[in-house]
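K.L.:
Chain P is already provided as a structure; the job is to place chain S on it using the hints.
Top line first, the protein sequences correspond to chains P and S. Per my numbering, the very first residue in the first sequence carries number 1; after that it's consecutive. Per my numbering, the very first residue in the second sequence carries number 657; after that it's consecutive.
A portion of the hints provided could be inaccurate.
Derived pair list, reagent style DSS-like, types lysine-lysine, alpha-carbon separation capped at 30 Å [as the list claims (entries may be wrong)]:
| id | chain 1 | residue 1 | chain 2 | residue 2 |
| --- | --- | --- | --- | --- |
| 1 | P | Lys261 | P | Lys171 |
| 2 | P | Lys565 | S | Lys884 |
| 3 | P | Lys287 | P | Lys245 |
| 4 | P | Lys116 | P | Lys62 |
| 5 | P | Lys62 | P | Lys638 |
| 6 | S | Lys743 | S | Lys930 |
| 7 | S | Lys725 | S | Lys743 |
| 8 | S | Lys759 | S | Lys884 |
| 9 | P | Lys482 | P | Lys523 |
| 10 | P | Lys565 | S | Lys858 |
| 11 | P | Lys638 | S | Lys858 |
| 12 | P | Lys116 | P | Lys148 |
| 13 | P | Lys601 | P | Lys148 |
| 14 | S | Lys725 | S | Lys870 |
| 15 | P | Lys287 | P | Lys195 |
| 16 | S | Lys725 | S | Lys858 |
| 17 | P | Lys638 | S | Lys743 |
| 18 | P | Lys261 | P | Lys287 |
| 19 | P | Lys195 | S | Lys870 |
| 20 | P | Lys245 | P | Lys195 |
| 21 | P | Lys195 | S | Lys858 |
| 22 | P | Lys565 | S | Lys725 |
| 23 | S | Lys759 | S | Lys725 |
| 24 | P | Lys638 | P | Lys195 |
| 25 | P | Lys287 | S | Lys743 |
| 26 | P | Lys482 | S | Lys743 |
| 27 | P | Lys565 | P | Lys287 |
| 28 | S | Lys930 | S | Lys759 |
| 29 | P | Lys116 | P | Lys287 |
| 30 | P | Lys287 | S | Lys884 |
| 31 | S | Lys858 | S | Lys743 |
| 32 | P | Lys482 | P | Lys245 |
| 33 | P | Lys287 | S | Lys858 |
For the record, the hints were derived by calculation from the structure and aren't laboratory data.
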Amino acid sequence: MLFYNRAEAAEPADTTVNLSEVEVRGSLKPITRSDGSVTLRPELLVGHSSSAGEVDFISLLKNMPGIASAGDYGSGLQVDGQDASQTLYTIDGATVFFPYRFGGIFSTFNTWHFRKADFRRNVHGAGMHQRLGASLDLSTYTEPDTLKTIGGRASVGLLSSSAAVRLTASKKVLISAAARLSYIDELYRPLLRGKTSDINYGFSDYNLSLSYAPDPANTISASLFASSDRIDDSDSNYALRMTMKWTNLASSVRWTRRGAKSTGTYMLNFSEFENNLSLDMASVWLKVPSFIRTIGASCEYDFGQWKAGARVAAFNIRPQYSAFDGYGQSSDGIVSTERPFQGETFAQYELRAGNRWRFRAGVNVNAWVNGSYRRVSPDPRLTAICDGGQAGIFTLHAGVYHQNLHNTGLSDIGLASNFWVGASERCPSQRALSFALNYKRQSYNAVPTVTAEIYYKAAGNQPEYSGMMIDLIDENYYSLDKIGLTRGYNAGINLGLQSRVSIADISVAYSYGTARRREPGGKYFPSATDPGHSLRINASAEADRKWQFNADFVLSSGRRHTPVKSLYMIGSNVISEFGPRNSARLPLYHRLDLSATYTIKGRRLSHAINFTLLNAYGRRNVEMQHFSISDDGRYRLKSTASLYRFMPLINYIMSF
Amino acid sequence: MRCKFPYLPLLLSCLMWTGCDDELSDSAEPRPVIEAYISQGGTPEVFFTTSVSPSQAGELSDVVVRWGKVTVSDGTDTVILTGGPLKGAFPPFHYYTPMMTGKAGRTYTVTAEYNGLRATATATIPEATPVDSIVVRPVEGVDSLCSATLWFTAPAVTPAYYYISVLEDHPGARPLPSYLGTVSVERPGIAVSMPVYRPKYKYGAPKDYVAQLKRGARYSIALCRVEKEVYDFWNSYGSIVAFGSGSLFVNSVVRLSGNVTGGYGIFSAQGQSKVTISTPEP
Numbered sequence: 001m002l003f004y005n006r007a008e009a010a011e012p013a014d015t016t017v018n019l020s021e022v023e024v025r026g027s028l029k030p031i032t033r034s035d036g037s038v039t040l041r042p043e044l045l046v047g048h049s050s051s052a053g054e055v056d057f058i059s060l061l062k063n064m065p066g067i068a069s070a071g072d073y074g075s076g077l078q079v080d081g082q083d084a085s086q087t088l089y090t091i092d093g094a095t096v097f098f099p100y101r102f103g104g105i106f107s108t109f110n111t112w113h114f115r116k117a118d119f120r121r122n123v124h125g126a127g128m129h130q131r132l133g134a135s136l137d138l139s140t141y142t143e144p145d146t147l148k149t150i151g152g153r154a155s156v157g158l159l160s161s162s163a164a165v166r167l168t169a170s171k172k173v174l175i176s177a178a179a180r181l182s183y184i185d186e187l188y189r190p191l192l193r194g195k196t197s198d199i200n201y202g203f204s205d206y207n208l209s210l211s212y213a214p215d216p217a218n219t220i221s222a223s224l225f226a227s228s229d230r231i232d233d234s235d236s237n238y239a240l241r242m243t244m245k246w247t248n249l250a251s252s253v254r255w256t257r258r259g260a261k262s263t264g265t266y267m268l269n270f271s272e273f274e275n276n277l278s279l280d281m282a283s284v285w286l287k288v289p290s291f292i293r294t295i296g297a298s299c300e301y302d303f304g305q306w307k308a309g310a311r312v313a314a315f316n317i318r319p320q321y322s323a324f325d326g327y328g329q330s331s332d333g334i335v336s337t338e339r340p341f342q343g344e345t346f347a348q349y350e351l352r353a354g355n356r357w358r359f360r361a362g363v364n365v366n367a368w369v370n371g372s373y374r375r376v377s378p379d380p381r382l383t384a385i386c387d388g389g390q391a392g393i394f395t396l397h398a399g400v401y402h403q404n405l406h407n408t409g410l411s412d413i414g415l416a417s418n419f420w421v422g423a424s425e426r427c428p429s430q431r432a433l434s435f436a437l438n439y440k441r442q443s444y445n446a447v448p449t450v451t452a453e454i455y456y457k458a459a460g461n462q463p464e465y466s467g468m469m470i471d472l473i474d475e476n477y478y479s480l481d482k483i484g485l486t487r488g489y490n491a492g493i494n495l496g497l498q499s500r501v502s503i504a505d506i507s508v509a510y511s512y513g514t515a516r517r518r519e520p521g522g523k524y525f526p527s528a529t530d531p532g533h534s535l536r537i538n539a540s541a542e543a544d545r546k547w548q549f550n551a552d553f554v555l556s557s558g559r560r561h562t563p564v565k566s567l568y569m570i571g572s573n574v575i576s577e578f579g580p581r582n583s584a585r586l587p588l589y590h591r592l593d594l595s596a597t598y599t600i601k602g603r604r605l606s607h608a609i610n611f612t613l614l615n616a617y618g619r620r621n622v623e624m625q626h627f628s629i630s631d632d633g634r635y636r637l638k639s640t641a642s643l644y645r646f647m648p649l650i651n652y653i654m655s656f
Numbered sequence: 657m658r659c660k661f662p663y664l665p666l667l668l669s670c671l672m673w674t675g676c677d678d679e680l681s682d683s684a685e686p687r688p689v690i691e692a693y694i695s696q697g698g699t700p701e702v703f704f705t706t707s708v709s710p711s712q713a714g715e716l717s718d719v720v721v722r723w724g725k726v727t728v729s730d731g732t733d734t735v736i737l738t739g740g741p742l743k744g745a746f747p748p749f750h751y752y753t754p755m756m757t758g759k760a761g762r763t764y765t766v767t768a769e770y771n772g773l774r775a776t777a778t779a780t781i782p783e784a785t786p787v788d789s790i791v792v793r794p795v796e797g798v799d800s801l802c803s804a805t806l807w808f809t810a811p812a813v814t815p816a817y818y819y820i821s822v823l824e825d826h827p828g829a830r831p832l833p834s835y836l837g838t839v840s841v842e843r844p845g846i847a848v849s850m851p852v853y854r855p856k857y858k859y860g861a862p863k864d865y866v867a868q869l870k871r872g873a874r875y876s877i878a879l880c881r882v883e884k885e886v887y888d889f890w891n892s893y894g895s896i897v898a899f900g901s902g903s904l905f906v907n908s909v910v911r912l913s914g915n916v917t918g919g920y921g922i923f924s925a926q927g928q929s930k931v932t933i934s935t936p937e938p
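Extracted from the complex, chain P is given alone in its bound form (with noise of 0.2 Å):
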């Protein structure tokens, strides 16, 4: 038996080493790295809580401290206060614009298709793409799997069923497929049909993979992943039915060469994301769509101790526009179409002073075209690294970054509805100045292993959508117009420990962060994703080779929103009057997930059957507040909770 601590490996430990008949055990969690950065490894993650009967890379990132989503029904990742779509998602070098679905279940990713999922949180290096936040990168496989003709996993939930499967053609070839389908209305659309209106959800994705080694020294790889998401509403009293469609593609076509002395890669890569929003009633009919689509290439060297590299990118932008007809003069909306390129040189040296001090300089100048508006900009990166051995390793980062897309819009908790935009003389680059200092000290004699990491990030140009829904039927409508920008700042603490008690592995996980924001002139307000304290409980334990248990336990500062100041009556309606934005948040957020593991292996088959109680203490976790009036007249303050409340959870999943 060999025992492998995950933590101490050296990370990024991507080399393959074949063993037979070893068993491999360890800690069950993810370990964060010096850096606040982590590996998730799907093989590692069958035992983990599933998120609506799925084990998801997003879905298991929220748990970490800082991490959060706007309220259950929102997808997408807040990483330290900032934006969602300030977090960069690629597959295999490609960029996937929404990997989100509907109602907060899990991502677009289909968890088993790919060999790991690196999450960088504040420490970048010069290579770090167009984005002011955290990164993503899921990476597939691409090593022929010497062991066995062909290996996966399939996994059937209660929302869908995946399967992965990875064929070792030859010494040389590696195909790898996966598919997700959901059935949604085949099993629930009854209990979600109310007494006039009707709703359908449906979704899929698609993930092929192959890998051509001709020598050791050159791999060619290929990925290809797509994604669509349905959802229909219908309402027989408005005679309404309401449409909404997205869709994702990424692909990209690697060459990676590896030398004696040096590693290049070579990449083509395209991106497209798309929504269409559509709405039929009566005698009137809406479209809202929108578009993302960009093509690109790269390449990138790594001397060792030196790495460079270049990128090019061309973008075919659409942002939000509408058209209807039946309503006043018809329209075909103002439509406009963007069409910016990127080009972007990094290169990055790391120079060793002793044992104990690494230092990484590095600088990535980015230029940004779209119409008239140019911007060039040498963005420096310097991250200083002293390993103080059984004292702990800090890790000080400081660096500028730019992002030259913008994504906002009328959903505040980030629905496919919301729409990117290029960077351009109305909406210019978003920036940030950004400083963290992180500390890890290894678990040692039975004391936890200690993260700890301080961050702060002044961020300009900020998109802060101010569009209403009943702007969409107006002719003058010109999203642009609508996007008002505004400066301010992120910090905050993150704190972990980690340890292994008995057969448990235990994590406490503590954050208090705050983000701010202004618009020119104006005083600083709260941020919608401003994370206040959260404090994040994870046990997990192995109780005999066959069952493994997993506890979940989180309570944090709730939702910030923007209270109501005084109530009046205008035309038999109840009218709000709202206080400062942001100013206020919704009560307090709690909630323990259990879940147990069943697993049995075989020779050739493996089979765990997953239970999960999502809330097992059924709090109500307040979504949204707002104001109802009674038959009797009398009106009230009604808090609107969470679906997710005792909410049982079966996923079976089959390894072969």
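P.N.:
The following block gives chain S in isolation, referenced to the frame of chain P:
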């Protein structure tokens, strides 16, 4: 024996700190609220209420001002309005006068005072735009409903701003803005169509709101031309009524500006064209 988890005090501190949350309660003092209408050839009507603090539950009847002083001035004459009950409607009390009639192009000022609260609003009645036609069609697949489309020709001078008001034929009904009933017209002389939906309101309304017109019913429909300030108010009001009453998914913070000084609400001076229709029996 060494403690396996020596950070328990720190954990407890975090737990207590996390539990301390800043729930802001920013309640405000009551302010006067005016909902006033005047149209060409019509007499002024004012609903006078006050705002309430949302910090606790209450009764809507408490907001009605029954003993206020409400005046309307056309710049030359000032008339004190009479207060009286309005059975079945909300607010169940209104201020009215037969002593003044609205004229297109004239500017009027409403003043409402009560118990130290004072609000005033000024607005001008624009020229009315005639309704060309109202087309009524059955709603496909629903026997009890029909859809209506109002057509008018944009005036020679634009932009022009409109909202549609609908009076239903039942006791206590009063003209109210149609659901999604605002439009601004930019191009002069073109044909403009607007769907006519029933007003959506929360108090005194049937439980299941139906947007389309019911068959076998009578509706008085008014195309109301208003100033931009008034249009902006009704447009934002329409957004609140249609989308803003507690949506989880879209931004529901809509602030109404209005034309009232010293309080909230709207003085809707409107040049209106009225048409009464009877929808076909089911």
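K.L.:
The structure should be examined with respect to each hint, and the outcome stated for every one.
P.N.:
Outcome of the hint check:
Note on P/Lys261 and P/Lys171: the hinted pairing holds, with a Cα-Cα distance of about 25 Å set against a maximum of 30 Å. With a C-alpha separation of about 26 Å, the suggested pairing of P/Lys565 with S/Lys884 holds against the 30 Å cut-off. Taken as a hint, the P/Lys287 and P/Lys245 pair is honoured in the structure, with Cα atoms around 11 Å apart against an allowance of 30 Å. A C-alpha spacing of about 17 Å is found between P/Lys116 and P/Lys62, which places the hinted pair at or below 30 Å, so the restraint holds.
A threshold of 30 Å between alpha carbons decides the hint, and for P/Lys62 with P/Lys638 the separation of about 28 Å falls inside it, so the pair holds. Between S/Lys743 and S/Lys930 the alpha-carbon distance is near 23 Å, which keeps this suggested pair within the 30 Å criterion. Restraint check: the Cα-Cα separation between S/Lys725 and S/Lys743 comes to about 21 Å, which is no more than 30 Å; the hinted pair holds. As the CA atoms of S/Lys759 and S/Lys884 are separated by approximately 18 Å, the hinted pair is consistent with the 30 Å bound.
Distance check on the hinted pair: P/Lys482 and P/Lys523 sit about 20 Å apart at the alpha-carbon level, within 30 Å; holds. In summary, the hint linking P/Lys565 to S/Lys858 is supported, as the alpha carbons are separated by about 20 Å, within the 30 Å threshold. At roughly 15 Å between alpha-carbon atoms, P/Lys638 and S/Lys858 fall within 30 Å of each other, so this suggested pair holds. The hinted pair formed by P/Lys116 and P/Lys148 meets the criterion: a straight-line CA distance of about 20 Å does not exceed 30 Å.
Straight-line distance between C-alpha atoms of P/Lys601 and P/Lys148 comes to about 16 Å, which keeps the hinted pair within the 30 Å bound. Distance hint between S/Lys725 and S/Lys870 is unfulfilled; the C-alpha atoms sit about 39 Å from each other, more than 30 Å. Proximity of P/Lys287 to P/Lys195 is assessed by CA-CA distance (about 26 Å); at most 30 Å being required, the pair is judged to hold. Pair hint S/Lys725 plus S/Lys858 holds up; C-alpha atoms about 28 Å apart against a cutoff of 30 Å.
Distance hint between P/Lys638 and S/Lys743 is fulfilled; the C-alpha atoms sit about 29 Å from each other, no more than 30 Å. Annotation: proposed proximity of P/Lys261 to P/Lys287 is violated, straight-line Cα distance about 55 Å (limit 30 Å). Under the criterion of a C-alpha separation no larger than 30 Å, the hint pairing P/Lys195 with S/Lys870 is consistent with the structure, at around 18 Å. For a cut-off of 30 Å, the pair hint linking P/Lys245 to P/Lys195 stands: about 24 Å separates their Cα positions.
For the hint linking P/Lys195 to S/Lys858, the alpha-carbon distance of about 19 Å falls within 30 Å, and the restraint holds. Of the supplied pair hints, the one linking P/Lys565 and S/Lys725 holds, its CA atoms being roughly 26 Å apart against a limit of 30 Å. With a C-alpha separation of about 23 Å, the suggested pairing of S/Lys759 with S/Lys725 holds against the 30 Å cut-off. A threshold of 30 Å between alpha carbons decides the hint, and for P/Lys638 with P/Lys195 the separation of about 22 Å falls inside it, so the pair holds.
Restraint check: the Cα-Cα separation between P/Lys287 and S/Lys743 comes to about 42 Å, which exceeds 30 Å; the hinted pair is violated. Restraint check for P/Lys482 and S/Lys743: the C-alpha separation of about 43 Å exceeds 30 Å, so the hint is violated. A C-alpha spacing of about 35 Å is found between P/Lys565 and P/Lys287, which places the hinted pair above 30 Å, so the restraint is violated. Pair hint S/Lys930 plus S/Lys759 holds up; C-alpha atoms about 16 Å apart against a cutoff of 30 Å.
Restraint check for P/Lys116 and P/Lys287: the C-alpha separation of about 39 Å exceeds 30 Å, so the hint is violated. Restraint check: the Cα-Cα separation between P/Lys287 and S/Lys884 comes to about 26 Å, which is no more than 30 Å; the hinted pair holds. Only pairs whose Cα atoms come within 30 Å are accepted, and S/Lys858 paired with S/Lys743 is accepted, the gap being roughly 17 Å. At most 30 Å may separate the alpha-carbon atoms for a hinted pair to count; P/Lys482 and P/Lys245 meet this at roughly 23 Å.
The hinted pair formed by P/Lys287 and S/Lys858 meets the criterion: a straight-line CA distance of about 29 Å does not exceed 30 Å.
Against the hints set out earlier in the document, violations occur for numbers 14, 18, 25, 26, 27 and 29.
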